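Colleague: Residue numbers (my numbering), protein chains in the order written: chain F, 62 to 254; chain C, 104 to 425.
Be a bit skeptical, because a hint or two may be false.
[Stated by the list, open to error] Cut-off 25 angstroms, straight-line C-alpha distance, at most; resulting in silico cross-link-like pairs (SDA-like, lysine to any residue): (1) C/K114 to F/E204; (2) C/K110 to F/I135; (3) C/K114 to F/G115; (4) C/K219 to C/K114.
[Unchecked claim] Just so you have them, the derived chain F footprint on chain C, three or more residues with Cβ under 8 angstroms: (5) 119-126; (6) 150-156; (7) 208-221; (8) 350-363.
Derived from the structure by calculation, the hints contain no laboratory data. Because the structure is a prediction, the values reported are computed rather than measured. Cβ atoms here follow ideal geometry from the backbone N, Cα and C, with glycine treated the same way.
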Amino acid sequence: MPVSIVRPIDIWFADHIFPHEQRFHAAALRISGSRDEAEELVQEAFARLFELEGWAAIEDPRAYVVRMLRHIAIERLRRRRIIDFRQFADTDHLTLADDAPDQHRIAAGRERLRRVSDLIARLPERCRTVFVRRRIQGESSQEIARDLGISQSTYEKRLARAIELLSRSWQGDEDALPSPDKQAETARRSGGR
Amino acid sequence: MSIFNEKQRRKRRIAREAATWLARHDSGTIDEECFHAWRGASPEHAIAFARALAVWREAQSKADADIPLPFQSRFTRRRAAAAIGGMGMAGLLTAGAFTSRAYAWDSSHSGVGECKRLILPDGSRAMLNTDSEMQWRFSDDERSLWIVRGEVGLELVPGIPARIHGLDRMASLSQGRFNVRLEGTAMDVTVLSGKASAAPISAPAVITGQPATAPVAIASPNEGLLLSAVAPSVRKASPQRLAATIAWQQGEIVFDNEPLQTAVREYNRYLADKIVIADPDLTGIPVGGRFTSTDPADFLSALELGLGLRATRSNGGYVLTR
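Model the full assembly from the supplied sequences, consistent with the hints where possible.
Modeller: This is the structure in structure tokens:
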């Protein structure tokens with residue numbers, strides 16, 4: 062059976078994993094203490110999830126990933142043969158926080174779960190037009206290209222650029238779609254170019 | 104430092120590739136074999152593609168939420184109304200002639216623990232509380248505000264009724280002083296002076312010309328207007344609520360007989376280093392008092408002295424135990 066482009070696991074990731082990505086980074090940061098290490102933990106967790114046969118049977122994907130992060134962190138510590146009891150002690154404390162029911166969860170504050178609609182509003186004009194007409198209004202790619210007087214290939218490039226910026230921004234890449242505030246600040250710093 | 108840049112570049116390149124594949128897939132021009140080869144080449148590729156797909160899906164599900172329209176023309180407004188039955192995301196389009204600055208939305212946001220003062224184009228004042236974001240658009244016949252995140256204090260000068268949007272709700276504000284807060288799926292407007300009224304949730308009047316049939320909720324001073332998934336409601340603002348709305352603008356946070364868990368959650372809005380309650384038994388303990396919002400030291404020592412709790416520093420945050 063041919064493997065489809067969009068697989069059930071991709072949908073599962075989209076619906077149950079990526080929306081919590083910032084939380085996973087926060088948890089990984091608490092577990093590891095370093096941003097670089099946290100990034101690697103999360104990437105490793107995602108990579109393993111993709112290979113996991115029983116992914117569909119996971120009851121609580123969010124809690125599962127957090128547990129996975131801890132396991133991977135401990136694995137890595139063992140491999141490096143670093144025993145730091147303080148680190149383990151701290152993760153014990155945080156075990157309670159991570160596994161605790163929702164109302165104990167730290168909300169607001171640093172959570173960067175932006176709404177995609179806010180991000181779309183920040184797209185550069187040409188990319189935004191193409192993205193909105195295709196994705197929100199549901200016009201066909203041919204219609205849009207014809208109407209805008211551009212080639213199919215140009216249309217695809219603009220759509221790809223929109224998707225790229227949105228997906229980078231959604232993940233926390235601040236440079237992808239800077240807020241107007243940040244744009245002004247950048248302009249000021251570079252001498253108001 | 105250069106290793107970081109290397110990683111960043113690599114991440115961005117992979118994101119770009121994934122986006123290109125998704126765009127081709129959507130356009131029907133994808134070369135399946137090539138795609139599978141790319142995706143199988145590295146777990147990073149598979150993750151990036153799934154992420155592009157996630158954001159693509161997310162855009163669809165938000166399609167019927169009203170959002171600020173950076174540029175808007177009368178043409179696209181009518182088209183959008185026809186297509187979606189409301190002023191939907193289609194308003195994001197520009198249509199040539201109407202791309203003047205006058206139609207652009209301004210925005211400002213505050214960081215965690217930051218309080219930001221703004222003067223709006225008509226002289227009205229706004230104050231953003233911790234980790235908040237607001238957008239606005241003013242013209243001769245419009246005063247529109249959009250609370251994207253967090254909490255905002257407003258002092259509106261006389262003029263045409265201002266409209267404040269949050270999520271997919273909207274309230275109309277007269278001249279006066281208000282505190283607007285987004286909490287979960289609700290927008291909460293506390294009226295300090297003046298009046299706030301809610302537009303009914305289903306407002307097809309623009310499209311169909313039919314008048315709204317539901318009674319409009321109106322809040323007066325010392326009342327709160329709550330706009331949530333159910334019909335908007337007006338209730339008396341408790342003295343505690345009023346005290347809290349005034350307190351934050353002075354860099355303070357006030358609790359009055361609230362469970363510790365609520366107090367901590369509220370405090371954490373202001374803190375980059377979060378407080379964690381490690382012992383579930385502690386969550387219901389009632390706490391009260393007035394504290395500085397930017398430094399939890401007094402709050403934590405009050406908990407230690409008053410309730411015999413222990414606050415320990417841990418990985419940049421604070422942990423509360425017995």
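Colleague: Does each hint fit the structure? Answer for all of them.
Modeller: Evaluation of the provided hints:
In summary, the hint linking C/K114 to F/E204 is not supported, as the alpha carbons are separated by about 33 angstroms, beyond the 25 angstroms threshold. The suggested pairing of C/K110 with F/I135 holds, with an alpha-carbon distance near 24 angstroms, which does not exceed 25 angstroms. With a C-alpha separation of about 28 angstroms, the suggested pairing of C/K114 with F/G115 is violated against the 25 angstroms cut-off. Restraint check: the Cα-Cα separation between C/K219 and C/K114 comes to about 34 angstroms, which exceeds 25 angstroms; the hinted pair is violated.
Residues of the stretch 119-126 of chain C with a Cβ under 8 angstroms from some Cβ of chain F number 6, which satisfies the need for three, so the listed coverage holds. Residue count for the stretch 150-156 of chain C with a Cβ under 8 angstroms from a Cβ of chain F: 7. That meets the three needed, and the coverage hint holds. Residues of the stretch 208-221 of chain C lying with their CB closer than 8 angstroms to a CB of chain F number 6, which satisfies the three-residue condition for coverage. For the stretch 350-363 of chain C, the proposed coverage by chain F is not satisfied: 0 residues have a C-beta within less than 8 angstroms of a C-beta in that chain, short of the threshold of three.
Hints 1, 3, 4 and 8 from the list above are not met by this structure, while the remaining hints are.
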